[in-house]
Amino acid sequence: MLEILQYEFMRNALIAGLLASVACGIIGVLVVVKRMVSISGGISHAAFGGVGLGYFLGFDPVFGVLFFAVVSALSMGMLRERVRLSEDAAVGILWVTGMALGVIFVGLAPGYAPDLFSYLFGSILTVPFLDLVVMAVLDAVIILVVLLLYEEFMAILFDEEFATASGVPVKRVYTVLLSLVALTVVVLMRIVGLVLVIAMLAIPSTIAWQFSHRLKEMMILSVIITAVFTVEGLWLSYLFDLASGATIVLVSLATFLLSSTLKKVSR
Amino acid sequence: MDGEVIRLEDVWVQYNGVTVLEGVSLSVQNLDFLGIIGPNGGGKTTLLKVILGLVKPNRGKVTVLGGSPEKSRRFIGYVPQITHFDREFPATVLDVVLMGLLGRKGLLRRYTEEDRKAAYKALESMEMLELKDRQVGKLSGGELQRVLLARALVSDPKILLLDEPTASIDEPTKTQLYELLKDLNRRITIVLVSHDIGVISAYVDKIACLNRRLFYHGSKEITAETIEETYRCPIELIAHGVPHRVLKRHEGE
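Listed in order, the protein sequences are those of chains P and U. Position 195 of the first sequence, counted from 1, bears residue number 1419 in our numbering, the numbering being contiguous throughout. Position 200 of the second sequence, counted from 1, bears residue number 219 in our numbering, the numbering being contiguous throughout.
Chain U on its own, in the form it takes in the complex (with noise of 0.2 Å):
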């Protein structure tokens, strides 16, 4: 399939009174791995859940594989926060990967045994498989990381969402991840989010800012000089001490 995956036009969310999202447009292509990076509570998970269709926006349009993200729901998969977890959880690897599968299970169904085999081949290529027993809360956070992309995986979804999926695992783990993404891209569109720039502009291939209003970078500026050159988010570079500019100013800036 070619073409627009993801557009939103316009959209602002408010919550209580409060503008997290301000004007916010944007389109996603078949097949990209767009970044987007931001200082924390400059929207990037509400970004994510409009597109989900877990927060209406106030205003604006949302299209995702040409239906509302209601619609669409099914062929995302979604792999928030892991800070988002309770420790203790009485589930095991097994009992989260198969959650995957609700949408597609429906409603007074057991999971059958193709899910079960849907689930084991998820964990598989995550290297995950032979933890599939252990309780949750006893995976590292590398480890748990990965359960929740082979939940994110298990049906089959044709664009993948990622929150923060790097903040709490260490630097070999972390370029681990990527390069499973960079994978997974060759047949999935991957929109990430994350404040980590540093790894990030290495491998998306498009790159935005968000911080309330979104600023998009296009492609062909992630490039070795460019990332010497000049840009900031705002507040983004200050918020994080990063020392140089990775991306070009924003226009009107």
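Chain P extracted, bound-state conformation (with noise of 0.2 Å):
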């Protein structure tokens, strides 16, 4: 296996993933417990707007990305406060609309769109060097912010009520976490790409929780799980000739299901 390694994008892809999987992991956790799934992937794929955006108006598509994730994020968290519209409906509307908005972009962007496919289902062999430095400083963002947030970020999973009674100030503070979870969605996307993003939120995440109930505990073997996923994913990718992003979600599956049925059978 090691011998993959002599090549640059094996080494890039390896780095890719692993810094994939310290974002995934820690935001992954704290969107499963508050069961924001379906918001993330409203976000996630909100974001494609970006992507069209970027090849528009001719800059990397990856700025659009985190632009567009994070306008995205904060809509959510004003439609939940000022608007009187149930969650569900918001995040529909949000993720078509960036949809739409970015297949209109697509259309307008002079010439062929290149590598559109990678943006949408992830392609982890490819991943710029640029986009390396991009994930690591993410990295670095949502791990202070985590750290520096922990305890309201746990209250506010727990009991938005007692929190606010408690003085903290929760709608900034999901806010912030809808914002993080942008961030991560810009991490992920060159591993899995947009579409595929809310799976590695949600499974490596639902199986540490099969075996951790603390929340530090949780992040920290998810980060593990996603790591040896994309590992295990990218190297599968590689002796089969597979699509990495969507070899990576099932191998992800896969296991997901190995460890509900071993955890069934246990009990």
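Be a bit skeptical, because a hint or two may be false.
To spell it out: a stretch of chain P is covered by chain U in this simulated footprint if at least three of its residues, at any positions, have a beta carbon under 8 Å from a beta carbon of chain U; those stretches are [what the hints assert, rightly or not]:
| hint | segment |
| --- | --- |
| 1 | 1361-1375 |
| 2 | 1383-1392 |
| 3 | 1429-1439 |
No lab work stands behind these hints, which were simulated from the structure alone. Each residue gets a CB set at the ideal place from its N, CA and C atoms; glycine is no exception.
Using the supplied hints, reconstruct the complex from the two chains, each of which is provided in its own coordinate frame.
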């Protein structure tokens, strides 16, 4: 297996996978425990608008995605507070708005959009160096914010009302959490693509929850699980020449089914 | 501190056009132990949330400890209904009790050694210290209730609000809990809402009935004779099938 590391693109892929695992494991746990998987799905799909914007205006789509993901996270927070709209409906609206804008922008962009597919379904094997830097910076931001607001996050995850009564600015903390989800979407995009991001937020953390009931422990476990899945998926996709993003997701799914079954049997 | 700690004047609350509280006025004095009974959906939880400032009344005035509910929140310990919680939630008993100190801690700061000591003390007073590392979901109803009480008490509140504290615990534990509250009442004002009339009347010293409107019964009536006496909250006794009346008839009924 080690000989594949002689290729630079393989080394980059491995680094990208490990960087993504950090963000994915930490934020995935918060997303799963707070039951905001579908909100995260809304944010990640809406972020496709940013890919289109990047093509249209001719800059690296990664920054368009960052912009669109954060804006949709903030509007999600606002919709929840200000408009009397169910969260469910808000997610749906956000989801399609971003995607529709993306399609329009891509259509308006001059020429052919070369690696559109890789933004949608990931292409860990072609991660450029700049993206590795972006991922590392976003990882650092995520770790720092989670360290600073760990207790507040736990409090709003557990009981928003009590947190409000104790003087936690719940709405603002929730909006920060949504923004961290947006950053994680950007980090994960290169690995599995915008369409499959929710799988990576949901599956490793759900597995971690089967084995631990401590938030910190779950985060660490989830980072490790994501890293294993990414490396495993990467290796399998190399061996059998499969799409890397989808392979990583399917490896995760298979492991999830296995661990759920084991958990049931052992009970 | 003497005098009035909670005052509600003509408070109205509506959710989506449905009136939940209708012209509620209430005055709670320092070191009162007030029991509020009423049917499910009668607005009991909403009333507590109004006192905490979590629900803004459409009309009326709320004063807590001489200020707005938002301002006075940090002097209130709140014990919400148990049903509210996710049993799988990844937090330990200690984590949950520490949440009672979030307001004092301030954003971006960690809990201090002092906070931890306060949490240990609160757990100890509830005889729950040895379970501090247990996951909250693995507690029994009575144990969880004690943890939530510890969380409310850790910030050393002046007022304690309890929402159906006996809903999911067995009879001996209930008695124990009420004894505990009776003891706390020597230094803390307590407002407790429940639909469990039977036990409540033996421990509280004032009682009110809430079914959208509030009927306040004051203190004198809770004697052995009056329990035999006539009374009903609209719907209340029918809904719960209690065969006898506990308090006097509401005026004007």
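Verification of the hints:
{"no.": "1", "hint": "1361-1375", "in the structure": "holds (count 3)"}
{"no.": "2", "hint": "1383-1392", "in the structure": "holds (count 9)"}
{"no.": "3", "hint": "1429-1439", "in the structure": "holds (count 5)"}
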